[in-house]
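*Asks:* The primary structure of each chain is shown beneath.
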Amino acid sequence: AQTVTQSQPEMSVQEAETVTLSCTYDTSESDYYLFWYKQPPSRQMILVIRQEAYKQQNATENRFSVNFQKAAKSFSLKISDSQLGDAAMYFCAYRSADFGNEKLTFGTGTRLTIIP
Amino acid sequence: DTGVSQDPRHKITKRGQNVTFRCDPISEHNRLYWYRQTLGQGPEFLTYFQNEAQLEKSRLLSDRFSAERPKGSFSTLEIQRTEQGDSAMYLCASRFGLAITDTQYFGPGTRLTVL
Chain A
1 AQTVTQSQPE MSVQEAETVT LSCTYDTSES DYYLFWYKQP PSRQMILVIR
51 QEAYKQQNAT ENRFSVNFQK AAKSFSLKIS DSQLGDAAMY FCAYRSADFG
101 NEKLTFGTGT RLTIIP
Chain B
1 DTGVSQDPRH KITKRGQNVT FRCDPISEHN RLYWYRQTLG QGPEFLTYFQ
51 NEAQLEKSRL LSDRFSAERP KGSFSTLEIQ RTEQGDSAMY LCASRFGLAI
101 TDTQYFGPGT RLTVL
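Chains as they are written, first to last, in our numbering: chain A, 1 to 116; chain B, 1 to 115.
Just so you know, the hints here were simulated from the structure itself, not pulled from any lab data. Do not take every clue at face value.
[As the list claims (entries may be wrong)] In silico SDA-like cross-links for lysine to any residue, where the CA-CA straight-line distance does not exceed 25 Å:
no., chain 1, residue 1, chain 2, residue 2
1, B, Lys57, A, Lys70
2, B, Lys11, A, Ile46
3, A, Lys55, B, Ala99
4, A, Lys70, B, Thr103
5, B, Lys57, B, Glu83
6, B, Lys14, B, Pro108
7, B, Lys57, A, Gln2
8, B, Lys71, A, Gln2
9, A, Lys73, B, Arg111
10, A, Lys78, A, Thr60
[To be verified] Beyond 12 Å from chain A on every Cβ pair, some chain B residues (computed):
no., residue
11, Arg15
12, Gln17
13, Thr20
14, Arg95
All C-beta atoms in this analysis are idealised placements derived from N, C-alpha and C, irrespective of residue type, glycine included.
Using the sequences provided together with the hints, build the complete structure.
*Replies:* Dropping the structure here:
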């Protein structure tokens, strides 16, 4: 079974600064997808960024980028130019690439606080 | 609003009562998922549907839990004889399902409190 570990329960960053959230995972599969989801307080979870394991290039979405290290099974999220609206719980998630294996396996989350 | 919707948003019940939650996926999404999120944890997979067929159930889904998706549209999750350990946020998600890379879109959740 796959597991996802987020070792930072809480992080804080000054507004406009850069912060990196860590995630490691364990799997015996060679093809899979990794995700970062954001869950603002009392609001629904939204996808921040996605990485396909077969792609060597790290995914980027505007101020959000990942550092995907497949051999180390590491998948960190970098948020540049942090904004107050980035304050949320961030969850790292894993999904098998097998059709029919649909579930997302989540980590325990990192609560990100933005300091004005 | 074309997002995933869930009803009710909050439910307080007494131990031993039955509760039912509803999820309306995004139109034309044929995959629908249920997750449970307890305090301080990430969501945990419960079950998923492809159209009206329930294709996978987690071991977390005890025989007190049942989920349906009649006609492949909305879905209901029923918990019978609720226990205090059932207190959690129940999240629904849907995705289009044609490509494996399609994103799962989450609803706002139903927060269940069992007294």
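*Asks:* Going straight from one Cα to the other, do Lys14/B and Pro108/B come out at no more than 25 Å?
*Replies:* Holds, because 23 Å separates the two Cα atoms, which is no more than 25 Å.
*Asks:* Evaluate the condition: distance from the CB of Arg15/B to the nearest CB of chain A exceeds 12 Å.
*Replies:* 26 Å, holds
*Asks:* Next pair to validate is Lys71/B with Gln2/A; report whether the Cα-Cα distance is within 25 Å.
*Replies:* 32 Å, violated
*Asks:* Between Lys78/A and Thr60/A, does the CA-CA distance stay at or below 25 Å?
*Replies:* Holds, because 9 Å separates the two Cα atoms, which is no more than 25 Å.
*Asks:* Can you confirm whether the C-alpha distance between Lys70/A and Thr103/B stays at or below 25 Å?
*Replies:* 21 Å, holds
*Asks:* Within a Cα-Cα threshold of 25 Å, do Lys57/B and Gln2/A meet the stated pairing?
*Replies:* Cα-Cα ~16 Å, so holds.
*Asks:* Run the distance test for Lys73/A versus Arg111/B: straight-line Cα separation, threshold 25 Å.
*Replies:* Judged against 25 Å, a Cα distance of about 33 Å means the pair is violated.
*Asks:* Hey, does Gln17/B actually stay past 12 Å from chain A on C-beta?
*Replies:* 25 Å, holds
*Asks:* Does Lys70/A lie within 25 Å of Lys57/B when you go C-alpha to C-alpha?
*Replies:* Violated, at roughly 29 Å.
*Asks:* With 12 Å as the threshold, tell me whether Thr20/B passes as away from chain A on beta-carbon distances.
*Replies:* The claim holds: Thr20/B sits with its nearest Cβ about 20 Å from chain A, beyond 12 Å.
*Asks:* Find the nearest Cβ of chain A to the Cβ of Arg95/B and say whether that gap is larger than 12 Å.
*Replies:* 9 Å, violated
*Asks:* Lys11/B and Ile46/A: Cα distance at most 25 Å?
*Replies:* Since the Cα atoms of Lys11/B and Ile46/A sit roughly 23 Å apart, the hinted pair holds (cutoff 25 Å).
Violated hints, listed in ascending order, are 1, 8, 9 and 14; each of the other numbered hints is respected by the structure.
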